[in-house]
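Please put together the full structure from these sequences, using the hints given.
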Amino acid sequence: PGRATRTPAPRQGQNLQSLGLSADAQAQVQATRTKYRDQLKPLWQDARSAHQSLRAELQKPTPDDATLSQLEDRMANDRTQMMSIRQQQQSELRKELTPTQYAKLMMARARFFGRHMYGGHRGQGGQGGQTGGGGDVQP
52 PGRATRTPAP RQGQNLQSLG LSADAQAQVQ ATRTKYRDQL KPLWQDARSA HQSLRAELQK
112 PTPDDATLSQ LEDRMANDRT QMMSIRQQQQ SELRKELTPT QYAKLMMARA RFFGRHMYGG
172 HRGQGGQGGQ TGGGGDVQP
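In terms of my numbering, the sequence shown opens at residue 52 and continues consecutively.
Keep in mind that the hints were calculated from the coordinates and are not lab data.
Treat the numbers as computed from the prediction; the structure is a model and nothing was measured.
Check each hint, because a few of them may be wrong.
List time: in silico DMTMM-like cross-link candidates among lysine to aspartate or glutamate, alpha-carbon distance up to 25 Å [claimed, not checked]:
1. K86 / D75
2. K92 / E147
3. K155 / D75
4. K146 / E108
5. K92 / D124
6. K155 / D89
7. K155 / E143
8. K111 / E123
9. K86 / E147
10. K92 / E143
Label pairs and their computed distance ranges (CB to CB) [as the list claims (entries may be wrong)]:
11. T118 / T149: 21 to 31 Å
12. S135 / H102: 15 to 25 Å
13. A82 / D124: 30 to 40 Å
14. T85 / T149: 15 to 25 Å
15. T113 / Q77: 53 to 63 Å
16. T149 / D116: 50 to 60 Å
17. T131 / E108: 14 to 24 Å
18. D116 / A82: 18 to 28 Å
19. A107 / Q77: 35 to 45 Å
20. Q77 / R137: 12 to 22 Å
21. A76 / Q96: 26 to 36 Å
22. R88 / A154: 29 to 39 Å
Every residue, glycine too, gets a C-beta built ideally from N, C-alpha and C.
Below, the structure written as structure tokens:
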């Protein structure tokens, strides 16, 4: 019942129309997002691959320390590059938006990531999505 009436959150958690942007400004912000998303994609794919390899290495009876170090360095490098690209994106968005619009965008982003990263998954709010003993949902 509740799911049928809810509108899904926009892909990146921000509804540009709610920021009061003109159609041209919305298109510019979307172009900025796309530009940086295209730069981030190979990095997060590599980080995910390295993480999977790290996990597989750790499951071996005797993980190789050199391999673990190399994978950890690779993941750290990917994270550093992603942070730098995100900072560039934020800087560009700040130039494209008024301070009020940018603040609204950041608040919407925080709500989106808070909901998806900290347990408010699919409408389950509350204390970090915790439901009590063993994850059983109480009726």
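Okay, the hints, checked on the actual structure:
1. Taken as a hint, the K86 and D75 pair is honoured in the structure, with Cα atoms around 16 Å apart against an allowance of 25 Å.
2. For a cut-off of 25 Å, the pair hint linking K92 to E147 stands: about 23 Å separates their Cα positions.
3. With a C-alpha separation of about 18 Å, the suggested pair K155 and D75 falls inside the 25 Å cut-off, and the hint holds.
4. This hinted pair does not check out: K146 and E108 have alpha carbons roughly 44 Å apart, beyond 25 Å.
5. With a CA separation close to 19 Å, the supplied pair K92 and D124 stays within the 25 Å bound.
6. A C-alpha spacing of about 24 Å is found between K155 and D89, which places the hinted pair at or below 25 Å, so the restraint holds.
7. In summary, the hint linking K155 to E143 is supported, as the alpha carbons are separated by about 16 Å, within the 25 Å threshold.
8. A hinted pair counts as satisfied when its Cα atoms are at most 25 Å apart, and K111 with E123 qualifies at roughly 16 Å.
9. In summary, the hint linking K86 to E147 is supported, as the alpha carbons are separated by about 14 Å, within the 25 Å threshold.
10. A distance of roughly 18 Å separates the Cα atoms of K92 and E143; the hinted pair therefore holds under the 25 Å criterion.
11. Checked against the hint of 21 to 31 Å, the pair T118 and T149 fails, with Cβ atoms roughly 49 Å apart.
12. For the pair S135 and H102, the supplied restraint of 15 to 25 Å holds, since their beta-carbon distance comes to about 20 Å.
13. A beta carbon spacing of about 34 Å between A82 and D124 agrees with the range 30 to 40 Å that was offered as a hint.
14. The given range of 15 to 25 Å is respected by T85 and T149, whose C-beta atoms sit roughly 21 Å from each other.
15. Evaluation of the 53 to 63 Å hint for T113 and Q77 yields a pass: the beta carbon distance comes to about 55 Å.
16. Evaluation of the 50 to 60 Å hint for T149 and D116 yields a pass: the beta carbon distance comes to about 52 Å.
17. Between T131 and E108, the C-beta spacing of about 22 Å keeps the proposed range 14 to 24 Å intact.
18. Between D116 and A82 the C-beta distance comes to about 45 Å, which lies outside the given range of 18 to 28 Å.
19. For the hinted restraint 35 to 45 Å between A107 and Q77, the CB-CB distance of approximately 43 Å keeps it satisfied.
20. Between Q77 and R137 the CB atoms are about 20 Å apart, so this pair conforms to the stated range of 12 to 22 Å.
21. A76 and Q96 have their C-beta atoms about 30 Å apart, which keeps the hinted 26 to 36 Å range intact.
22. Between R88 and A154 the C-beta distance comes to about 22 Å, which lies outside the given range of 29 to 39 Å.
When the structure is compared with the earlier hints, violations turn up for hints 4, 11, 18, 22 and for no others.
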